[in-house]
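Protein chains: 2
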Amino acid sequence: MKLNQFGRLTPNTATQLKELDLIGFDADPDLPFAQSLAKNYRLLFPEALNATQQAQALKAVAVDDHQTLATWLDTEPTSMTRTQFYAVALQLLGFHPEFKNLAKSIAQMQNAQLPTVDADLATTTTFLEALYLLLNTRTPKLVTYLDDLANRGFFEDFQADKQTPQYLFFNGKSQAVFDPRQLIREVVWVESDLDTDEDGQRDLLETTIFRPKATDLGTKMPALFTANPYFHGTNDEQVEAATHIPEPNLVVKTQSHTKADVTYHEPEPLDLPRAQASGETQTATSYASENGIYSLNDYFLSRGFATVYSAGVGTQGSDGLRSVGGPSETASAVAVIEWLNGSRRAFTDRTRTTTIKAWWCNHKIAMTGKSYLGTLAIAAATSGVEGLKTVISEAAISSWYDYYRENGLVVAPGGFQGEDADVLAVDTFSRLKQAGDMLGIQAKWEASLHAISSAQDRTTGDYNAWWDARNYRNHLNDIRCDIVSVHGLNDTNVKPANVIRLFNGLKNLPIQKKLFLHQGQHVYLNNVQSLDFTDQMNLWLTNKLLDVDNGANDTIPNVQVQDNVEPQTWHQYAAFGPSQTRTLNLASDWTSERSSFADNATATFKSEHDTSASFEQAIIQPTSAYADSRLWLTQVPLDHDLILDGTPEISLKLWIDAPTAILSVRLIDLGEAQRFGETASIVARDGYQLGYDFKTQDIVEFAPAKATAAKLISYGHVNVQNPVNAYEIQTVTPGEPFNVHFALQPTHYVLPAGRQLALIIHGADMAQTIRPTAVVNYHLDFANSFLKLPLR
Amino acid sequence: MKLNQFGRLTPNTATQLKELDLIGFDADPDLPFAQSLAKNYRLLFPEALNATQQAQALKAVAVDDHQTLATWLDTEPTSMTRTQFYAVALQLLGFHPEFKNLAKSIAQMQNAQLPTVDADLATTTTFLEALYLLLNTRTPKLVTYLDDLANRGFFEDFQADKQTPQYLFFNGKSQAVFDPRQLIREVVWVESDLDTDEDGQRDLLETTIFRPKATDLGTKMPALFTANPYFHGTNDEQVEAATHIPEPNLVVKTQSHTKADVTYHEPEPLDLPRAQASGETQTATSYASENGIYSLNDYFLSRGFATVYSAGVGTQGSDGLRSVGGPSETASAVAVIEWLNGSRRAFTDRTRTTTIKAWWCNHKIAMTGKSYLGTLAIAAATSGVEGLKTVISEAAISSWYDYYRENGLVVAPGGFQGEDADVLAVDTFSRLKQAGDMLGIQAKWEASLHAISSAQDRTTGDYNAWWDARNYRNHLNDIRCDIVSVHGLNDTNVKPANVIRLFNGLKNLPIQKKLFLHQGQHVYLNNVQSLDFTDQMNLWLTNKLLDVDNGANDTIPNVQVQDNVEPQTWHQYAAFGPSQTRTLNLASDWTSERSSFADNATATFKSEHDTSASFEQAIIQPTSAYADSRLWLTQVPLDHDLILDGTPEISLKLWIDAPTAILSVRLIDLGEAQRFGETASIVARDGYQLGYDFKTQDIVEFAPAKATAAKLISYGHVNVQNPVNAYEIQTVTPGEPFNVHFALQPTHYVLPAGRQLALIIHGADMAQTIRPTAVVNYHLDFANSFLKLPLR
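So the sequence lines, in the order shown, correspond to chains A and B.
For the first sequence, UniProt numbering assigns the number 1 to the initial residue and increments by one for each residue that follows.
For the second sequence, UniProt numbering assigns the number 1 to the initial residue and increments by one for each residue that follows.
Because the hints were derived from the structure by calculation, they are not lab data.
Worth double-checking, as some hints may not be accurate.
A pair counts as met if it fits within one copy or between any two copies, since identical chains are not told apart.
As the list claims (entries may be wrong) - List time: in silico DSSO-like cross-link candidates among lysine-lysine, alpha-carbon distance up to 27 Å: (1) Lys141 / Lys695; (2) Lys213 / Lys162; (3) Lys706 / Lys2; (4) Lys507 / Lys695; (5) Lys59 / Lys444; (6) Lys444 / Lys706; (7) Lys357 / Lys606; (8) Lys695 / Lys213; (9) Lys444 / Lys100; (10) Lys162 / Lys357; (11) Lys59 / Lys357; (12) Lys444 / Lys104; (13) Lys18 / Lys695; (14) Lys653 / Lys788; (15) Lys711 / Lys788.
Taking the hints into account, I'd like the entire structure generated from these sequences.
In structure tokens, the structure reads:
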């Protein structure tokens, strides 16, 4: 078990002592050594509610292989060896060492990547410093030791003598001193500047607030806002009916476009009337029975952050229609932020008669969320809206074209073949769940859905102004908040190109930007055991939203990457991307039995009764039912580790016997080996506790799974009629050679010595592209084809 | 979606109206129809905290395909069609029908197995009756509609005007009117009559209580007690080291035993001193930071039941040593019950100075839990202890011999090859987690573990007095409480023989006994969507522990069985077991290519690199690497459905070329078909809410999975030296024929027409028995061999 930690501060001794005193320890450096230990050790058992229980607790801890902490403390020691201190520490942290192993305590701390002091403890001050470090050390329960103590009741009485509940900061982070159990759960309706249902009235946006009771007592809190279109659920049945069957014909495109053609222009703002409100209140009239879904948000409730959810236009409880990441959805998220920052109205109900302010909010907001939720955080960030201080955006789309299209092709998100923007519109239009509400909107909804189906253009797959309106990277220069981006390197749903293109686009902006790349697929990072992500986010949010000058910008590494070979290993880098590139010629640097193939994958897919998932496995195996439908190029086994870091690019010269075709490329890690499983395994069910007497979540970690012969490193698809970009068309003449150049998915990938790089060139991708039935013959000119690898 | 319901009562109209009034509806039958609807419908939106919000909520509901409930109510209707009522009902229950489908509302209710009234509603009384029925109707959220309303705040103010919080009963069940969020979480130490660590002092048993705050205000509550040896976790690392490697040699037994030999005799009770307590208190001094783990218990917190956990002797926080289901563990559970019923002392801490009573308890106790936890519930029940009114025991062991042994063989629980009693002793001895505590107990622990390893006797696998002490079926006549047994028909860990032998043994006792058999493996039943298990348990516990005369005994069917073919289908029966049996001769009723085989499975297992799990799949496939090591008998495909119900038995005549051997038998459902997956799928993540603003759990259901060629129906193992029972030995002479007769695992299994029965006879079972390396040849005399099938 390696518990990496990047978010711990090391303040000077005086600060350490002050902070220890603040949370109730006796930090007097002049107290005799034995007395300090006796007084302070017993405070580390918050379950013990009196001195007798504390004394009992000290008996359950061993200081070495023959005496308990209780008996040893009775000897009035004047010093403590490092070995003794960490023997005790391991037990306190929850490692459960057997007493016969306690002599190796320091080695065990180090094996777990945990910090230790350098020398034996000979003074009270050195003990207090060691105690301070210990409180900020990670535990197997995911959280720090002080967090663990808090979960067990350490701060239960902290607010007892305070009229207005107070924040408590320790090691630069806000501590769990607010009761997360009796939340105020309320719903308000934010008045937007939109009228997407064209009823002449401003669309109201249902907004749900969970805020600790301390806000009612005067504590002003920041808000963690998650724009979550799934908040009231999805329309799974209707999605099944709306999902596309991958088309059997790839059209020959005749119409090329210019950049100007495909540029979206904002329409003039609407001049909408404002309702005459008759009064204002501080009390909402709707209870929020829907449960929040993101455990990172929940974790921060007891640390003095309210959490806010709003699903946006066209969702249950709100007005309007969905736009699948379009400007109206960005505006929905921004409207909620403006209500939170005090510059926009909300009503207590949909009659628009009584307004209600976010009076409990300190007007500082962070956005959080994964996937569509994280996407809308990025979208809102590009508005530059006041009050939005940071976004923590996970597995986010930065341009919807990169989600549903690729280089002039219809390309489904991995795992969701046949999904498209119109399907997602159906999925998230949760007004559908309320039949009474639908009576008034059905006709407009059908018309809007028809418009989306048409605008998304499954026929050509080209970039157009509709997609341009959903490319948030057009507006990066408007971003004024700091950005934390998190992405799974194995995410085939929202592909890593989304985050890397965003991150690279932020490079020169005067904002802080941090990047986390993990080995997961389309999942959250906060419950992965090996990284102190949550604690780093505490440092970050305490800095951004509570104005604590804790050095978060410098302490948190710019780029943190989880290793794909060494379990529980995280690297920190100053930047993402290669220090050098290597360009490999497909003729001279690779071996292939042939340079031509006929793509008959659709027929094979049918005859093999494959699924998208089984295709993805089959196509990368050395022996494959798809062998005839691909080229298989290999390199010799590596004699040293190779680290890919960045975006591989490929340039191919080829001819085909048709006027158009799909071309797919996969870069493969070849060689029998135990690699990480697709999903992280549960290390401790419900082991991650989100507050005192509060919710729990599973702790997970990636571990080597069953040996496999090959693993996908990176991949890409292109319509051969789009050799340069997604809107300019080249005419392909059967039999005549042409060039294509495109980027594969960016990655960070360690390929250990002994493994081989393989490159697969094939046609249609059964899992993601359409499935053409016409067989196309591909003839590659390897001598004029190149793969450029980014290397660290 | 089929929402089976067996626990709903139908009281007379007067009672229905009284109960509606009790929970806040206007149940005046003389109120004009339109007024009653207008007043009562708006109460079904607990999120709406004022009249404006309620009016808004009525607009979101459609009464048909052209008007909302709000506009329809404005017409002051004098009647309501069934179709209209259930159009509204489907929306209220959370089915989200589209308005175009509302005309088919009654059919949709019926498809979901939900109850409807018979006629259109023409009077206020008929509306109120329909409303009463609706409140007791199940929802897709697992709970009843009234439970769902409660989860959304319906009962939030119920206790507001009461000095002492009161119970509320509706439809015979205790309702969620207690706040489950601010629990008193406390730990006490129960004084037992044991001294398993032989230190001359009574073993203290750490006991954790979670009780609603209402107890502090005077409400006396019953206790749901779970004896959970895993409460403080398990020793996974040490278990890995302790797990046995399946032995390569099967011993030739020389010593036969009599019943008297293997009968356990209780030792004389110890005469242990009692500590002199110096005072008594009502306030515990230890906070319970460990989280309860069983969602059924948690569900009952807000319904006025305290939950209690105790791990027993030899666990963290307690004294003593483990005995793996032995009398000291039964006594541990009984001691806690005696504290709860008021007849035994507990202390606030381990210094034994201050006593504390379960003063908040009404002295009525139920035990709950699965696996080892449910086992200890059965164990405690056999004590006849006062106050224990019922146990709800899931996947429980009724005799530990049936868990770790079978017919003179070492047989591991499925999935845990190499586990044995001594391994479980290591697993649950959670005192190991506290190094300081271990300093004083290490030597005694090692000695006790050695004694267990010896007594369990892996050498012969025979039944002995040590196992007899762990056979709770010896004491069934002492049971005085009512028993609910739940078991998965696909549980290979604790095999169904445990529950059926128990259930059959209870047949003539003057107690109530109920049996649930589901299609799961070793899992809880309470979050399976298709059955109202939780609600039935509410009826049951309200009757047993709160003395409400609700007819639970008659309402809950004696036997409820989940169908293995029809999804979401539950059968109710008066009894378990066959109405007839059919005896099949292995020569005349079956087809087999041969009647001899050589068991070489261990070698195949190695060469195939199989695991226990892959072996279990491979051995039942028509084409198998183990084909030479088995006999494969088939019947012709069935021309009609066959329902097995009970315990198949087999009588074999054979000879072998060795003095001993393992003989295994598997009954197979043969034929390519989509059968239920091994585990239930998640229907709604966190969809099952356990109280107002409280914990959630996933809702699951069994569904047909990928087609398979065969499925195991039942199986059994025997040591050929144990033809009659597990302690009497027959000498087997190589080459000389002998008979064996033994029972397979009981089951309830529907074999649809078109499928085939197959019977596999083989030697060692790589997944469960030891793995002998010597090849044994088996020669069956089919003409004198028979399989007896129990049929319904």
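A quick look at each hint next to the structure:
1. Both within a single protomer and between protomers do Lys141 and Lys695 lie at most 27 Å apart by alpha-carbon distance, with minima of 14 Å and 20 Å respectively.
2. For a Cα distance limit of 27 Å, the shortest separation of Lys213 from Lys162 qualifies both inside one copy, at 14 Å, and across copies, at 24 Å.
3. Taking the shortest Cα distances, Lys706 and Lys2 sit within 27 Å of each other inside one copy (21 Å), while across copies they are farther apart (38 Å).
4. Within a single copy, Lys507 and Lys695 get their C-alpha atoms no closer than 38 Å, and across copies no closer than 43 Å, so neither meets the 27 Å cut-off.
5. With identical chains, the CA atoms of Lys59 and Lys444 are at most 27 Å apart between copies only, with a shortest distance of 18 Å across copies and 71 Å within one.
6. In this assembly of identical chains, Lys444 and Lys706 lie within 27 Å of each other by CA distance neither inside one copy nor across copies; the values are 52 Å within and 41 Å between.
7. When the C-alpha separation of Lys357 and Lys606 is checked against a cutoff of 27 Å, the pair qualifies neither within a copy, at 59 Å, nor between copies, at 70 Å.
8. For a Cα distance limit of 27 Å, the shortest separation of Lys695 from Lys213 qualifies both inside one copy, at 17 Å, and across copies, at 19 Å.
9. Taking identical chains as interchangeable, the C-alpha atoms of Lys444 and Lys100 lie at most 27 Å apart only when they sit on different chains, with a minimum of 16 Å there against 73 Å within one chain.
10. In this assembly of identical chains, Lys162 and Lys357 lie within 27 Å of each other by CA distance solely inside one copy; the values are 25 Å within and 34 Å between copies.
11. Proximity of Lys59 to Lys357 under the C-alpha cut-off of 27 Å is restricted to the inter-copy arrangement: shortest distance 26 Å between copies versus 54 Å within a copy.
12. For a Cα distance limit of 27 Å, the shortest separation of Lys444 from Lys104 across copies, 25 Å, qualifies, whereas the shortest one inside one copy, 71 Å, does not.
13. In the homo-oligomer, the alpha carbons of Lys18 and Lys695 never lie at most 27 Å apart, since the shortest distance is 31 Å inside one protomer and 38 Å across protomers.
14. In this assembly of identical chains, the alpha carbons of Lys653 and Lys788 lie at most 27 Å apart only when taken from the same copy (14 Å versus 72 Å across copies).
15. Taking identical chains as interchangeable, the C-alpha atoms of Lys711 and Lys788 lie at most 27 Å apart only when both belong to the same chain, with a minimum of 19 Å there against 51 Å between chains.
The structure fails to meet hints 4, 6, 7 and 13 from the earlier list, while all remaining hints are met.
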